[in-house]
Amino acid sequence: MISLKVNGKKHELDLSPDVPLVWVIREHLKLTGTKYGCGKGLCGSCTVHVAGKAVRSCQTSVGDAEGKEITTIEGIPEDHPLKKAWVKEQVAQCGYCQPGQIMQAAELLSGDKNPSEEAIIKAMDGNLCRCGTYPRIKTAIRFASKEGGK
Amino acid sequence: MNSSITRRTFLKAAGFTIAIAITPSGYKILSAKESEEAMGKGFSPNIWLRVMPDNSVIITVNKSEMGQGVYTSLPMIIADELEADWKRVKLEVAPAADGYRDPVWGAQATGGSSSIRHMYEPLRKAGAAAREMLVTAAAGVWNVPAAECEASQGTVKHSASKRTVTYGELVKPASALDVPKDPSLKKETQFRLIGTAVPRLDIVEKTDGSAKFGIDVMVSDMLYATVARPYAFGAKAEAVHDAMAKNVKGLKQIVHIDRGVAFCADTIEAAWQAKKATHIVWGKGADPDLSNETLAKSFEEYLPKDGVVARRDGDVQTALAAASVKLDARYYLPYLAHATMEPMNCTAHVQKDRCDIWAPTQNQTGTLMTAKRITGLAPEQIHVHTTYLGGGFGRRFEQDFVEEAVQTAKAVGRPVKVIWTREEDFQYDYYRPGNLSRIQAALDDKGNPTAWSHKIVCPSIFVRVFPDTMQKGIDNAAVEGLSNLEYDVPNVSVEYVRIDTPVPVGFWRSVGSSHNAFTVETFADELAYLAKKDPLKFRLDLLNKHPRAQRVLELAAEKAGWGKPPEKGIGRGIAYHLSFDSYVAQVADVSVDRKSGAIRVHRIVCAVDCGPVINTDTIKAQMMGGTIMGLSAALKESISFGRGKVLTENFDAYDLLRMSETPKIEVHIVKSDAKLGGIGEPGVPPAAPAVANAVFSAVGVRLRNLPMTPDAVLKALKVADGKA
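Top line first, the protein sequences correspond to chains B and A. According to this note's numbering, the residues represented by the first sequence are 1 to 150, in order. According to this note's numbering, the residues represented by the second sequence are 1001 to 1724, in order.
Honestly, the hints are just simulated from the structure, not real lab data. Just so we're clear, the structure is a prediction, and the values are computed from it rather than from any experiment. Each residue gets a CB set at the ideal place from its N, CA and C atoms; glycine is no exception. Some hints here could point you the wrong way.
[To be verified] Derived contacts from chain A toward chain B, CB cut-off under 8 Å, selection only:
hint: 1; residue: MET1066
hint: 2; residue: ARG1200
hint: 3; residue: ILE1203
hint: 4; residue: PHE1213
hint: 5; residue: THR1267
hint: 6; residue: LEU1656
hint: 7; residue: SER1660
hint: 8; residue: THR1662
hint: 9; residue: ILE1665
[As the list claims (entries may be wrong)] Straight-line C-alpha distance at most 20 Å; calculated SDA-like pairs for lysine to any residue:
hint: 10; chain 1: B; residue 1: LYS88; chain 2: A; residue 2: THR1196
hint: 11; chain 1: A; residue 1: LYS1718; chain 2: A; residue 2: ARG1600
hint: 12; chain 1: A; residue 1: LYS1252; chain 2: B; residue 2: LEU15
hint: 13; chain 1: A; residue 1: LYS1236; chain 2: A; residue 2: ARG1643
hint: 14; chain 1: B; residue 1: LYS138; chain 2: A; residue 2: ASP1617
hint: 15; chain 1: A; residue 1: LYS1545; chain 2: A; residue 2: ASP1313
hint: 16; chain 1: A; residue 1: LYS1636; chain 2: B; residue 2: GLY126
hint: 17; chain 1: A; residue 1: LYS1664; chain 2: B; residue 2: PRO115
hint: 18; chain 1: A; residue 1: LYS1533; chain 2: A; residue 2: LYS1564
hint: 19; chain 1: A; residue 1: LYS1352; chain 2: A; residue 2: ARG1414
hint: 20; chain 1: B; residue 1: LYS88; chain 2: A; residue 2: GLU1666
hint: 21; chain 1: A; residue 1: LYS1236; chain 2: A; residue 2: LYS1276
hint: 22; chain 1: A; residue 1: LYS1249; chain 2: B; residue 2: LEU15
hint: 23; chain 1: B; residue 1: LYS122; chain 2: A; residue 2: ASP1652
hint: 24; chain 1: A; residue 1: LYS1087; chain 2: A; residue 2: THR1155
hint: 25; chain 1: A; residue 1: LYS1446; chain 2: A; residue 2: TYR1529
hint: 26; chain 1: A; residue 1: LYS1090; chain 2: A; residue 2: ASN1055
hint: 27; chain 1: B; residue 1: LYS138; chain 2: A; residue 2: GLU1666
hint: 28; chain 1: B; residue 1: LYS122; chain 2: A; residue 2: ARG1600
hint: 29; chain 1: A; residue 1: LYS1249; chain 2: B; residue 2: HIS28
hint: 30; chain 1: B; residue 1: LYS30; chain 2: A; residue 2: MET1222
hint: 31; chain 1: A; residue 1: LYS1212; chain 2: B; residue 2: HIS28
Please model the complete structure; the sequences and the hints are all you need to start from.
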């Protein structure tokens, strides 16, 4: 049995410890906001937080995440500055990569309340978006960082 | 009866209902009462809009939402004409049914940047008819002339007596009325929503992770499946050794389907494990030696062949022979993958008398027909549930993923979710066709082109997808942007040479324009320099018959500061293209690192004329996204072949444009009363040629092949230096 703590809730799961965390979160726990994109850590769609750090959940085995605090997009509060900024800037097009983008941005803002353009690009460059929403992602992160204290 | 709706549906449907019957001769707007009668006459009207007693308005959308914003823009059209309270508008996704077919295409599908173009008129009429009926109903209740009543934001008002009634309260009397034959549409000045930046109705779901894509579908008792597909194009399984797979815990069934071998298990990881444990001996396939080199060689071999003439004005050969100033150039463009962020997937459940399909599909009619063919069920027994699409770009028009799920589910007797890995998504795509073009032109002594000969060798998409459209053997997609070349040249010839290879090809955002805009616009640029003319002026002079083209070029140039020299080290290039009835011009500012060969795009200024504007924010988003996809293809993308198959497996070998490579993009919308144009695709085509032309302006080399990788740039610089 593997015990996982996701968004503050405990789960006991009977599965092999080497299953990638993304599939456990999505298909076993049915938290489908976390997306599968490449399975190789190349696109960032599956980004979640493990112990406060943004990780690619396709590159993290469920065994390695055991006992650690896991946060998915569903665990980010509705009034989080990033969620508000994403709505305000109308970032999403198809929307598939956006949960991963937001989780990546959330880690950035948790360490740097007012990131520079360079810092935003550096943090976000591992997250692909085929629709081409990058300019709006950048604007939304800047907006959220200004709103961060509120 | 071909409708998924029974006759009683209209009577049972709560609220005031407006239906549209799509008929071979067009469409008809009908009330619930008339719908009942129409069904007896063989029409199959379906509900498109319902005003509910609680004042909410439910609008049915027949197009797939893949990022382009139709779940907002189509409801906006109905809601505006209806004078609905936008805050009370809810949308419902249409099932696959005859009544939801596109009235122009006769099929329920999303593509060709056509959703608004095809639905604008019927949806406006439906909204306007409902509005007039609500006004008539209120006038009847108050016993006043309808002309004294006014619809406003979900209510009808009678100002003389200062009375107001909500739409919800009018549901019953309005339902009893006949639909006006020719409801009067609003004037442009009366629009509240159309022409503004209405926020997306799907934005919250797509921000908080709750939006359900195909891959997110969960059905009770569902199995997961992965499919082992042929090793190479056309290869058949000669032997399947699956003894080891059968020991995998959670494996339920191994099914042989037309496209390969499907492994069904309790979990996706068990399905993959079983696939890995199976040894399949594949036959050699269609062309075991197929590679980048053999493909390139085939295209070269086809170039001298006689093709079919797609356009002939005047006498190109004589004009070329007579000229002293000539240009002759070749362009080779690669096969491309769609690389939607959501890999292909589909969930299906086949029962004795019912089939359910949950699919991120761009083609509901195709999905329905695929299920019908496999299950033998009647259309009304097949239920297609369209989910959100994690990108489409033409890939999800295809039905391969649907076929796999339905065949597997039929064999297993339980719901099955088939999930493709990213590797499979890259290896089993229907690719944007590679193509080779040769363009020759002549200039007179004033620098005006006298002849333009354009020959393209390109596989055909239409011969597989819409064979009926192949008139005289011409694939219209392969020659779009060429056969309608707008430059005023007296002698023009466009020739199409079809090449058939084992590589499957399909629609890729902007289709033929995705390659033809590059060849035409970089060649035109080269001609401008040869004529010693400013590239903008050169184009404008040749476009006097096309003022919309001139206008977007002028606007993009003006906003980009064309004419003023750019900063040192920056090259500036311009390009325009007409596709899907919309004109787009782009000006690119780039710099080139001579050491690494890397191109850096600093800014793209984009001007678009798509005729009437529905949602300004959607247009901006689509132009931005289209430009980025165009840049991605221009700078980075190409599929690799070898050993009879696709070698490209994942984003490490096929990287997309990333944030660090994305320029500043400005979008300017031209006010125009031209006919409606599309916006999903037209942002893509001008990006590559604008950048290539800017590269020439920066470092003086012409890049005639894509992608413009650092290696390609270095090679071109080396050749140029050698000559110098």
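These are the hints, each one checked on the structure:
1. At about 5 Å, the closest approach between the beta carbon of MET1066 of chain A and any beta carbon in chain B falls short of 8 Å, and the interface hint on this residue holds.
2. Hint status for ARG1200 of chain A: holds, given a least beta-carbon distance of 6 Å to chain B, under 8 Å.
3. Of the supplied interface hints, the one on ILE1203 of chain A holds, with its beta-carbon coming within about 5 Å of a beta-carbon of chain B, less than 8 Å.
4. At a threshold of 8 Å, the smallest CB-CB gap from PHE1213 of chain A to chain B is about 6 Å, leaving the interface hint in force.
5. Taking 8 Å as the C-beta contact cut-off toward chain B, the hint placing THR1267 of chain A at the interface holds, the least distance being around 7 Å.
6. A hinted interface residue such as LEU1656 of chain A counts as satisfied when its beta carbon comes closer than 8 Å to some beta carbon of chain B; here the least separation is about 5 Å, so the hint holds.
7. Contact between SER1660 of chain A and chain B, as hinted, is supported at the beta carbon level, the nearest pair being about 5 Å apart and thus within 8 Å.
8. For the restraint placing THR1662 of chain A at the interface with chain B, the shortest Cβ-Cβ distance is roughly 4 Å, inside the 8 Å limit, so the hint holds.
9. Among the interface hints, the one on ILE1665 of chain A holds; its C-beta lies about 6 Å from the nearest C-beta in chain B, closer than the 8 Å criterion.
10. Restraint check for LYS88 of chain B and THR1196 of chain A: the C-alpha separation of about 16 Å stays at or below 20 Å, so the hint holds.
11. As the CA atoms of LYS1718 of chain A and ARG1600 of chain A are separated by approximately 19 Å, the hinted pair is consistent with the 20 Å bound.
12. Between LYS1252 of chain A and LEU15 of chain B the alpha-carbon distance is near 17 Å, which keeps this suggested pair within the 20 Å criterion.
13. Taken as a hint, the LYS1236 of chain A and ARG1643 of chain A pair is honoured in the structure, with Cα atoms around 15 Å apart against an allowance of 20 Å.
14. Taken as a hint, the LYS138 of chain B and ASP1617 of chain A pair is honoured in the structure, with Cα atoms around 17 Å apart against an allowance of 20 Å.
15. The hinted pair formed by LYS1545 of chain A and ASP1313 of chain A meets the criterion: a straight-line CA distance of about 16 Å does not exceed 20 Å.
16. Proximity of LYS1636 of chain A to GLY126 of chain B is assessed by CA-CA distance (about 16 Å); at most 20 Å being required, the pair is judged to hold.
17. For the hint pairing LYS1664 of chain A with PRO115 of chain B, the CA-to-CA distance comes to about 19 Å; that is within 20 Å, so the pair holds.
18. The suggested pairing of LYS1533 of chain A with LYS1564 of chain A holds, with an alpha-carbon distance near 16 Å, which does not exceed 20 Å.
19. Annotation: proposed proximity of LYS1352 of chain A to ARG1414 of chain A holds, straight-line Cα distance about 11 Å (limit 20 Å).
20. Taken as a hint, the LYS88 of chain B and GLU1666 of chain A pair is honoured in the structure, with Cα atoms around 19 Å apart against an allowance of 20 Å.
21. Annotation: proposed proximity of LYS1236 of chain A to LYS1276 of chain A holds, straight-line Cα distance about 18 Å (limit 20 Å).
22. For the hint linking LYS1249 of chain A to LEU15 of chain B, the alpha-carbon distance of about 11 Å falls within 20 Å, and the restraint holds.
23. For the given pair, LYS122 of chain B sits about 18 Å from ASP1652 of chain A by alpha-carbon distance, which is consistent with the 20 Å threshold.
24. Between LYS1087 of chain A and THR1155 of chain A the alpha-carbon distance is near 13 Å, which keeps this suggested pair within the 20 Å criterion.
25. For the given pair, LYS1446 of chain A sits about 13 Å from TYR1529 of chain A by alpha-carbon distance, which is consistent with the 20 Å threshold.
26. Simply put, LYS1090 of chain A and ASN1055 of chain A have alpha-carbon atoms about 11 Å apart, close enough for the 20 Å limit, and the pair holds.
27. Between LYS138 of chain B and GLU1666 of chain A the CA atoms are separated by roughly 15 Å; this keeps the pair inside 20 Å, and the hint holds.
28. With a CA separation close to 17 Å, the supplied pair LYS122 of chain B and ARG1600 of chain A stays within the 20 Å bound.
29. Between LYS1249 of chain A and HIS28 of chain B the CA atoms are separated by roughly 16 Å; this keeps the pair inside 20 Å, and the hint holds.
30. Between the alpha carbons of LYS30 of chain B and MET1222 of chain A the distance comes to roughly 13 Å, so the proposed pair stays at or under 20 Å and holds.
31. For the given pair, LYS1212 of chain A sits about 16 Å from HIS28 of chain B by alpha-carbon distance, which is consistent with the 20 Å threshold.
Of the numbered hints given earlier, the model fails none.
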